[in-house]
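Student: For reference, the chains in residue letters:
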Amino acid sequence: MSDLKNLSRAVPGHDLKLLGSAPYVYHCHHFNLFHDQTVEDALGPEEAFEVRCRAARRASRHLLADAVRMAGAATPIERLQLAASIFRWMGQGDLELLAGADGGAARGNHLHYGFAWREKYGAKVRRKVPIDAFAAGYASAATEVAFDLEPGSLCGRETSCFACREPGCEFSITTGGEGDTTAPVDAAGVERRVGTPGAGIGEERIAAITQGLNDFLLGVGPDERGLVQGFGIYVTRHLSGYYDQTAYDTIHFIEQHAPQATAAVEGLFGESGHVCVFYTFGNLLLSPEWEGLVGPVRGEVEEVVTSCTAIARALGFGHWTISELVPGERLVLRTASNYEFPFYLERYGRSAKPRCYFFANAARAFMQLAHRVDWPAKPALTEDLYQNLFKQGLSWHTEETCCCARGDDHCEVVVTRRS
Amino acid sequence: MSSDFMSQAVKDISFLRAVFVITMPDCLLYSSWLRADSQWSEEEVAAYFGDLFRANRKGLKALGSWSSDMQVTIEAPDNLIIMHELTADFVTACVFERSAALGMVRLHMKQLIERIAASLPDFQSEQRPRGVRVVDFLNRYAPDPHAVLLRVSLRTRLPLELLEKPETLTPEQVAQVEDAAREILGLQELSL
Chain A
1 MSDLKNLSRA
11 VPGHDLKLLG
21 SAPYVYHCHH
31 FNLFHDQTVE
41 DALGPEEAFE
51 VRCRAARRAS
61 RHLLADAVRM
71 AGAATPIERL
81 QLAASIFRWM
91 GQGDLELLAG
101 ADGGAARGNH
111 LHYGFAWREK
121 YGAKVRRKVP
131 IDAFAAGYAS
141 AATEVAFDLE
151 PGSLCGRETS
161 CFACREPGCE
171 FSITTGGEGD
181 TTAPVDAAGV
191 ERRVGTPGAG
201 IGEERIAAIT
211 QGLNDFLLGV
221 GPDERGLVQG
231 FGIYVTRHLS
241 GYYDQTAYDT
251 IHFIEQHAPQ
261 ATAAVEGLFG
271 ESGHVCVFYT
281 FGNLLLSPEW
291 EGLVGPVRGE
301 VEEVVTSCTA
311 IARALGFGHW
321 TISELVPGER
331 LVLRTASNYE
341 FPFYLERYGR
351 SAKPRCYFFA
361 NAARAFMQLA
371 HRVDWPAKPA
381 LTEDLYQNLF
391 KQGLSWHTEE
401 TCCCARGDDH
411 CEVVVTRRS
Chain B
420 MSSDFMSQAV
430 KDISFLRAVF
440 VITMPDCLLY
450 SSWLRADSQW
460 SEEEVAAYFG
470 DLFRANRKGL
480 KALGSWSSDM
490 QVTIEAPDNL
500 IIMHELTADF
510 VTACVFERSA
520 ALGMVRLHMK
530 QLIERIAASL
540 PDFQSEQRPR
550 GVRVVDFLNR
560 YAPDPHAVLL
570 RVSLRTRLPL
580 ELLEKPETLT
590 PEQVAQVEDA
600 AREILGLQEL
610 SL
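Those protein sequence lines, which keep their order, are chains A and B.
According to this note's numbering, the first sequence is numbered sequentially starting from 1.
According to this note's numbering, the second sequence is numbered sequentially starting from 420.
Bound-form chain B, shown alone (with noise of 0.2 angstroms):
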């Protein structure tokens, strides 16, 4: 999706902010389209929100209440965001001044989610190595990421080098990775 079409589809959208589309289940910056007063790091708001949509979908299934076009809503002190489903593979966060009427905000949102899940490719997602994403998952989460590797290397006792590349470890590497993960945030379980 081009830089040129997504100017293009926020056109005559005011109080717009930020648009991202985010691939799931990875969390994935898909394309972007920031105000130029805007200086977010893109990759790092598709993976939070990316995230933060995961979890919300398995709650509401958890509640037997889960429908594909249900829309989460943030009021933020200085933004209103707005998360919504485009198709399976596909979610789209959208960043409104605060000070934007909600009505008006539900009602550009309903063009942008058409004008942008019209522009989707068809999209077959291919799932990245667990290993990848729990790596992933530790640099978002862990505290000290910059040290995480190193703390996984030692409790796992596999040699950085091999952590780097994730892609290549074997199943019971993962697995051991994994536990570590599990241990250093404190979790059950990864929400991978």
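Okay, chain A solo, but in the shape it has when bound (with noise of 0.2 angstroms):
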């Protein structure tokens, strides 16, 4: 565990996250299956499991090469060990990868994707098709890494899922794969990207607060069953490649295939990131932890706004600024860092239009937050509670004004109440 810890490392001044030279943030399972579920609208369950796997394996194989790397692991066995070892720090769950140059098997316990859909949507949705697209993509990139394969050489499927009511998890790993020339988006192509740190609005406390929730974070380790579990989430250390891949290369599809669904799928991944600030945010907010840190929250707008900001820095998502806020008007949040404009521009070049559709819905929801959830009360965050809180539409407009990948030096999103 300690030589993991040593692989996570930040961008400096940009609250940015790295595991080896891979780019990472932390995500709770609401977010990751809404996600992954709006990948499989916009494409079907085949080729959403494609696209899923791909980004996965692609993601992987640049942190399982650094990773090897670092801790000089030179056989196959110690790769495939160190790859499940990586596994569960994340919080992904238990892989245990049987194959060989080649292919063979992998088999799946708890793991996360399918573990937290099954507890979360089970009793309500017969899923048919298997949902474990990252682990199988992960099992094919640490074959290749353990027995210094071509990237891309090898495919994962999985065969049998325990988010369908199966037993377990089991994925074949079969050669034949098209190949891999995508150059991975690293370290140093963040760093070519992201813009100068600013300064904003209760900067002191916000950075306070990061502080101690870097610390915090720092000490938590997954459980016996390789998953992360607190504040009544699963939470993940996820590689922001694979969510920034998948996003946008469905974002893409849809725009050139289907033009009048793009409301749509820009909806519904602004949507996870209402998700996100409601279960995981609201969660550690509602924390003993939070009440150890910083208190508990009395529940002023500018203290649960303030606060939103450290959790968004302290959890990878950049170094976000607070430039304006007027209780009940208008938020203004700026970064000139997040995990998604620095991917966009590396991968695909500058855009016409804004990029950033998790940053510009975290940034509605912490209004939300602020000016819907009754703090003191400490109510229960359920399901019942998000459907009252966003199910008649939202009081709040949210709109990126400026955005890097479209050109601009920072990004910007402005929210204000609906008239």
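Calculated directly from the structure, the hints in this document are not laboratory data.
Remember, predicted model here, so these are calculated numbers, not experimental data.
Honestly, I wouldn't trust all of these hints.
[Said to hold, decoys possible] Sample of chain A residues at the chain B side, in silico, Cβ under 10 angstroms:
(1) 38
(2) 40
(3) 44
(4) 126
(5) 254
(6) 257
(7) 263
(8) 387
[To be verified] Restricting the straight-line Cα-Cα distance to at most 27 angstroms, the calculated cross-link-like pairs of lysine-lysine (BS3-like) are:
(9) B/430 x B/480
(10) B/529 x A/128
(11) A/124 x B/529
[What the hints assert, rightly or not] Some residues of chain B that are not near chain A, with every Cβ distance over 10 angstroms (derived):
(12) 437
(13) 464
(14) 471
(15) 483
(16) 484
(17) 486
(18) 506
(19) 507
(20) 520
(21) 525
(22) 530
(23) 533
(24) 536
(25) 549
(26) 576
(27) 587
We put the beta carbon where it would ideally sit given N, CA and C, even for glycine.
Got two chains here, separate frames each, mind docking them using the hints?
Tutor: Written out as structure tokens, the structure reads:
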């Protein structure tokens, strides 16, 4: 575990996190499931699995190659064991890697996606297609790295899935992949794209809380299942390249092939930002750990928004700052670093429109939480409360007015009350 | 059916917490009475119990043991719920305190059914458009219902504005929405 902690570092001043040279963030199962569900809704289950598996393999291979080098893991077995340890440390569950250079199998227990899906949706929906594309891609990448195979030479497929009410998760790893020559978006790419970090309202408070949370997060580790469970959620340390590639490839596909559905796909990726803030940020604010670190939440708007900004920084979402805050009326957040636009610029080049869907919608959710939740009453952040807060339409409008992906020198999101 | 009528109909019926009169097959609330200490969402109760009653009807027909005067009794921890078919177009769901004796409740039900059934209009049910029923079904059963129309829009490529007026959908569009609904819910068939 100490080796894995050494693998983790930050991009100085930008509140971005790296595993080796692979960018990563913390996200909960509510976000992860909603994000992947949107890819499925857009592309259909089979193509979505391919897209997610490919993104997972590419991002994971990058991480695993760094880890193997840093750990000096020379033999395939050492490398596979290291890969399984990293997978657990990420909170992704327990993955047995059983393949050789000619392919083979992998087996998963308590995999984050399948396990959490069944817990969250299993009583309501019968799932018919496997869900653990991330594990499939990761297993392929780990085998490629273990046996010094070319990137993209192996393919992962989930043949049995816990989310489909099967006893466990099984994967086949086969040769014959089409290869992958796309360069990863790594630390160098991120550092090339981020701007100058700024300061804003409540900076001193935000910085102090961020530091405390960073210290706290360093001590967070997986349980015996390989899951990280706390504050009523399952948390992952997840590769942001996975989120970025799956989201942007999906949105680009829709923009090109079904432009009439662009608003829907953008709206749903934005919705995953609401989900994240409500469950992860909200539960953290109500946790005993928060009370120990900061004190109980009184519920003042500035207090909640500065707290959320500190949480965003600690989770590796970037050096977000509060440029304006008028309770009941308006919030302006800015950043010259997040986990979205650097990937976009590196992979696709400049965009004609803003591309920070998570940043824009998380900001809106900040205002929703700050104005609609009775914090002193310590409400349970249940699905019912979520539906109540977000079902009748949001009382806030959000717009990304500046975006680095579009060529601006910072990203800015303006949240205003709907008239 | 006025609230005055409902208040009269439930007079002298002890242990009663609520009465819902539900139109079938659409599961819409036709009329209701709630005791002052009951805070339920009447439309929601009507929708879910209407669905339950319809499924029960189908199940009994599949067993060949359906009869129009059958009753469904649910013994929940704090409530005793009895559902009864009033006519082909109406069912009622009555909620009693759990402590009420079942024999007494059945007696009260008999009185209530007679009073309510006698006052029901001669009702020619008009089936709502299928698109409306599919969207209603999704709103009731899909996870994350606040986002479900966006999901259907993305799956079908139909604009959200169109899905917000499901009564205007063409038969082909309804079929697309129904396919999306089945996939979202993991069902072979929607029980509309």
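Student: Next, verify each hint and record whether it holds.
Tutor: Results of checking the hints against the structure:
no., hint, verdict
1, 38, "holds (7 angstroms)"
2, 40, "holds (9 angstroms)"
3, 44, "holds (8 angstroms)"
4, 126, "holds (4 angstroms)"
5, 254, "holds (8 angstroms)"
6, 257, "holds (9 angstroms)"
7, 263, "holds (7 angstroms)"
8, 387, "holds (6 angstroms)"
9, B/430 x B/480, "violated (35 angstroms)"
10, B/529 x A/128, "violated (45 angstroms)"
11, A/124 x B/529, "violated (35 angstroms)"
12, 437, "holds (20 angstroms)"
13, 464, "holds (16 angstroms)"
14, 471, "holds (16 angstroms)"
15, 483, "holds (28 angstroms)"
16, 484, "holds (28 angstroms)"
17, 486, "holds (32 angstroms)"
18, 506, "holds (32 angstroms)"
19, 507, "holds (31 angstroms)"
20, 520, "holds (33 angstroms)"
21, 525, "holds (33 angstroms)"
22, 530, "holds (36 angstroms)"
23, 533, "holds (38 angstroms)"
24, 536, "holds (35 angstroms)"
25, 549, "holds (22 angstroms)"
26, 576, "violated (5 angstroms)"
27, 587, "holds (16 angstroms)"
This entry does not satisfy hints 9, 10, 11 and 26, going by the numbered hints stated previously.
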